[in-house]
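Asks: Chain residues, written in single-letter form:
There are 2 protein chains.
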Amino acid sequence: MSQPLRLGIAGLGTVGVGVVKIVRQRANLLAARTGRAIEIVAVSARSRDKDRGVALSGYAWEDDPVALARRPDVDVFVELMGGAEGPAKDATEAAIAAGKDVVTANKAMLALHGQELAEAAEEAGRVIRFEAAVAGGIPVVKALTEGMAGNEVTRVMGVMNGTCNYILTRMEDAGLPYDEIFAEAEALGYLEADPNLDVGGIDAGHKLALLAAIAYGTRVDFPSVELEGIQKLSIADIRSAADLGYRIKLLGVAQMTGRGLEQRMSPCLVPADSPLGQLQGGTNMVVLEGDAVGQIVLRGAGAGEGPTASAVMSDIVEIGRGSRITTFGQPARGLERARPARASAPAPYYLRMLLTDKPGAMAKVATVLGEAGISINRMRQMRHESNNAPVVFVTHKTSRDSLDTALQGFDATGVVQGDPVAIRIEAV
Amino acid sequence: MSQPLRLGIAGLGTVGVGVVKIVRQRANLLAARTGRAIEIVAVSARSRDKDRGVALSGYAWEDDPVALARRPDVDVFVELMGGAEGPAKDATEAAIAAGKDVVTANKAMLALHGQELAEAAEEAGRVIRFEAAVAGGIPVVKALTEGMAGNEVTRVMGVMNGTCNYILTRMEDAGLPYDEIFAEAEALGYLEADPNLDVGGIDAGHKLALLAAIAYGTRVDFPSVELEGIQKLSIADIRSAADLGYRIKLLGVAQMTGRGLEQRMSPCLVPADSPLGQLQGGTNMVVLEGDAVGQIVLRGAGAGEGPTASAVMSDIVEIGRGSRITTFGQPARGLERARPARASAPAPYYLRMLLTDKPGAMAKVATVLGEAGISINRMRQMRHESNNAPVVFVTHKTSRDSLDTALQGFDATGVVQGDPVAIRIEAV
Chain A
3 MSQPLRLGIA GLGTVGVGVV KIVRQRANLL AARTGRAIEI VAVSARSRDK DRGVALSGYA
63 WEDDPVALAR RPDVDVFVEL MGGAEGPAKD ATEAAIAAGK DVVTANKAML ALHGQELAEA
123 AEEAGRVIRF EAAVAGGIPV VKALTEGMAG NEVTRVMGVM NGTCNYILTR MEDAGLPYDE
183 IFAEAEALGY LEADPNLDVG GIDAGHKLAL LAAIAYGTRV DFPSVELEGI QKLSIADIRS
243 AADLGYRIKL LGVAQMTGRG LEQRMSPCLV PADSPLGQLQ GGTNMVVLEG DAVGQIVLRG
303 AGAGEGPTAS AVMSDIVEIG RGSRITTFGQ PARGLERARP ARASAPAPYY LRMLLTDKPG
363 AMAKVATVLG EAGISINRMR QMRHESNNAP VVFVTHKTSR DSLDTALQGF DATGVVQGDP
423 VAIRIEAV
Chain B
3 MSQPLRLGIA GLGTVGVGVV KIVRQRANLL AARTGRAIEI VAVSARSRDK DRGVALSGYA
63 WEDDPVALAR RPDVDVFVEL MGGAEGPAKD ATEAAIAAGK DVVTANKAML ALHGQELAEA
123 AEEAGRVIRF EAAVAGGIPV VKALTEGMAG NEVTRVMGVM NGTCNYILTR MEDAGLPYDE
183 IFAEAEALGY LEADPNLDVG GIDAGHKLAL LAAIAYGTRV DFPSVELEGI QKLSIADIRS
243 AADLGYRIKL LGVAQMTGRG LEQRMSPCLV PADSPLGQLQ GGTNMVVLEG DAVGQIVLRG
303 AGAGEGPTAS AVMSDIVEIG RGSRITTFGQ PARGLERARP ARASAPAPYY LRMLLTDKPG
363 AMAKVATVLG EAGISINRMR QMRHESNNAP VVFVTHKTSR DSLDTALQGF DATGVVQGDP
423 VAIRIEAV
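First to last, the sequence lines map onto chains A and B.
What the first sequence shows, in the numbering used here, is residues 3 to 430, in sequence order.
What the second sequence shows, in the numbering used here, is residues 3 to 430, in sequence order.
Be aware that a few hints might be false.
As the list claims (entries may be wrong) - In silico contact screen, one side only, chain B against chain A (beta carbon under 8 Å); selected entries:
#, residue
1, E148
2, N198
3, P277
4, G308
5, E320
What the hints assert, rightly or not - Simulated restraints on C-beta separations:
#, chain 1, residue 1, chain 2, residue 2, range
6, A, A189, B, G191, 51 to 59 Å
7, B, I237, A, L246, 27 to 35 Å
8, B, A176, A, R335, 50 to 58 Å
9, A, D196, B, D75, 55 to 63 Å
10, B, S49, A, N379, 49 to 57 Å
11, B, A244, A, I378, 50 to 58 Å
12, A, A29, B, A100, 33 to 41 Å
13, B, R326, A, S59, 33 to 41 Å
Hints were generated in silico from the structure; no laboratory data involved.
C-beta atoms are modelled at their ideal positions from N, C-alpha and C, and glycine is treated no differently.
Assemble the whole structure, with the sequences as input and the hints as a guide.
Replies: Written out as structure tokens, the structure is:
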């Protein structure tokens, strides 16, 4: 058996503690699977004295993660601090410069700086692995980088923020508005310190950008992800969607089109009886589509100590076994910048609006849609008591441009109250 | 860029042709992902003249797969002939002896001879990869060997024979008996030349034995898989199960228990609204459970040219990238023989029987169950016209021993007509 693989772990929050526990409790199993022992030699975190429920006295302590990353007795730097810049990035760069491999769960850092970090690692002959950064315990980075390697990837989709899916599920189940369920999720500690990372779709957008880079062999490009959060979703939309056989999900979609690379993280309607539609609560799901394999669906816990630590450990074992796969599955220097698609691929849309309840109102709206080249698939008028009639349309496939034309045209009809809601229906 | 990775492909059926197509059509993509070109240098099949819809003239032809396996210009021997023994095994052994890596889709060969082949490969410093042997396009070998490497695996489950799942789905949808749907599947060409490989659960049992070996670090032990096919399932059971909120699946389950390693491939009831219960038609699903990660569900096409070729290609790319992972994720010589569990873990059971329609009949049956220590969770008497009343019980958790005691005891009651049906209910 070879020399032990020696870890330096920076960040001892939930995930870091989970990794320490697995390394301690599963030493024999890990050694058998890796072909060598896995050992922690040093750790680093903000507070040395905090009781984390796990013994750390056997490991060297470093106050400074950069110092940890440079220790000569560390083979793999395990970055579990988080944050796109600052100590996490400094320490990762220091680790690469000092000839260490890196395992990280840091989606923000890689979504924003993955290209430069990958290039640096590959020049130094080191690897960066990040299974835990995307969809927690689901081995999706592996499935895409390795399992799909023989495919031209045609689409990647995912529900990758458990908190958003929890909020949407609870809104539907409890029939309560967004604000109330948001407050509930906050009280339960489900939200990031900056909740916009969750409900604004940023966190899930980071993950999507990473998957897109692997899928299409392009430079990770988070700024081009079209982001729309769940904050504006109303219980009325969730109910109307359900009436029509759909569920609303914060869905990430990446696909290469003739118009460039499309990356969207936004609320979408999906059929309620599809795997994505059936996904309730905090669970994550990723759908990978390739020209040879067809559709692969992966489902599992997207967060939490055990699942995320499991993903970190899979990367550590992989490095211990001698795998030297590049960060994005191809040499980073060869990755091209994708042209971002300026408009999303045509799709059917869900349209909900409040019409003045008088004869001819519907005809006026239908005329606007028709003039924009949008044909109506289904229409439903909801029960109402006031003078305004809520109406829901499901359109046939249309471009976003045509839809925007129609949305602007509704104003002039004088019969549409307030702003209509338009939500894309994704064929899954 | 390194030297090309040179393939010798033995077997040009559906999967072999699929691999040839991908290598030809995706040369640039494969080279970018692998870091080196992937080239086919030689092929072998039974008939040289058959039109396979793909140009083979650029490759050397070998009538004898063993000769192909020994060619000095072949780096990776791709075995796609099938068959547990004979040419497939001879050629695989020859390839290893000649210092080649092996990629195979051959579940039967590995289920029966995987241990000796893995030992031979590891002694020769070569690898055997077999992603395509289990659940077609789903990257489950990778997910289990690599993604779950940090977990103590607690259970592996799978619906891994698309033909059986197709038959069961069709029986339910069409309300037709097994024999008719079997004939339909046969006419559609869905069945193996020996249909018992499919409907007897053997093919799926091979796959389960391979997953169990990886999951528990034990020698692959197909002969210990408890096998039961779908041939005896009646439309009455499928309907009664549906009435109770279940679906019947040919389900593989592997778990390590205090009584040894349990490996079962048998019809089971699963909740109709669970991911396994919702799996309709020919699709495959594998459920992996680990102490850290919880439950991971993987779903995709289990057979067919594209999906299976995709899995073969993932192994080829992996080898091209330099991965040297062992066949079962641990050194083969270190794998221990698992003690087979003589009895399956306790579970609730579904029991259907025909009772003579007279007072006291139900009491007699209930007494037998009670005396065997089995308590009844639910009971349903089905509508009937004859003098015999069909009755369905769902029991609470019980051992198979107790169940067998009860099944024997029913005879003496004089009120049970024919053989009762007992089907395990698996908690998924």
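Asks: Any hints this thing doesn't respect? Which numbers, in order?
Replies: 2, 11
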